[in-house]
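Each number in the numbering used here comes from the position in the sequence shown (counting from 1) with 344 added on.
Hints may be right or wrong, so weigh each one.
What the hints assert, rightly or not - The calculated label-pair distances, taken between Cβ atoms and stated as ranges, are: (1) L449 - V486: 33 to 41 Å; (2) G505 - A385: 33 to 41 Å; (3) A484 - S555: 16 to 24 Å; (4) L538 - A582: 17 to 25 Å; (5) P421 - D392: 14 to 22 Å.
Calculated directly from the structure, the hints in this document are not laboratory data. C-beta: ideal position from N, C-alpha, C; glycine also.
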Amino acid sequence: MGARFVHLLACFAVLALASLPAVAAPTLPDLCETVTFEGDAFIACTVDPVLQDIRLFLHTPDGQPYGSLESFAADGPSVVFAMNGGMYLPDRSPQGLYVEAGGTLAPLVTADGEGNFYLKPNGVFLVTADHRAQVVATEAFVATPDLAYATQSGPMLVIDGALHPEFSDNGTSRYVRNGVGVRADGKVVFAISLDVVSFGRFARLFRDGLSCPDALYLDGFVSGLADDDGVVVGGGHAAGPIVAVLQR
């Protein structure tokens, strides 16, 4: 085969590849961005609770659990984004305190037990009727008449600027994880890792990378992020409570 012919074949191959449609990178929901921290990649979504509406969802309008982020993205309300909103029992009911639209569907749990939920201090993420958000340790939680939404989970990642006392620097327990923190200016930051990470690194992300003096672990392994178009990260696993951000 002559050199000229080989050169022509190479040119045709380049032209053919150039004519193929480009494969687009996954589009992130509004308010979200990819951040790199200590060598790992995360998606962080920053929300102003005055401008955006933060809500929790558990059941469809006919009273059935959504059960997964896929189902919520397909059948739930129009949202900016949604992610796992706390740990759950085998029947998809919340493992701890759960308040939706001012109604308490599950009580606060203060007992001891096994698993991440009980790695104390655990805590509560809450939103009030006047659009203030907080992350507080369970022992500091006080139910007030203006409580609109709340989900209890554990462990706390950051407590008043300090990392959870049980975390090692970069332990061997590593999962895809998601959580929520509140900054000093009142803005809420939801984050999910794009690969498996330790508790220590995930907690430092919130404190040192996202400037959250208080942050709460929401879930791991089953973690996912979705928008109206479907699941963006994760998916394929069951879900109990779902936290979603809607345009106000």
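To see whether the hints hold, each was checked on the structure:
1. The supplied range of 33 to 41 Å is broken by L449 and V486, whose beta-carbon atoms lie about 19 Å from each other.
2. In this structure, G505 and A385 break the distance hint of 33 to 41 Å, their C-beta atoms being roughly 25 Å apart.
3. Distance hint check for A484 and S555: the Cβ-Cβ separation is about 21 Å, which falls inside the suggested range of 16 to 24 Å.
4. For the pair L538 and A582, the supplied restraint of 17 to 25 Å holds, since their beta-carbon distance comes to about 21 Å.
5. The beta-carbon spacing between P421 and D392, approximately 19 Å, falls within the hinted interval of 14 to 22 Å.
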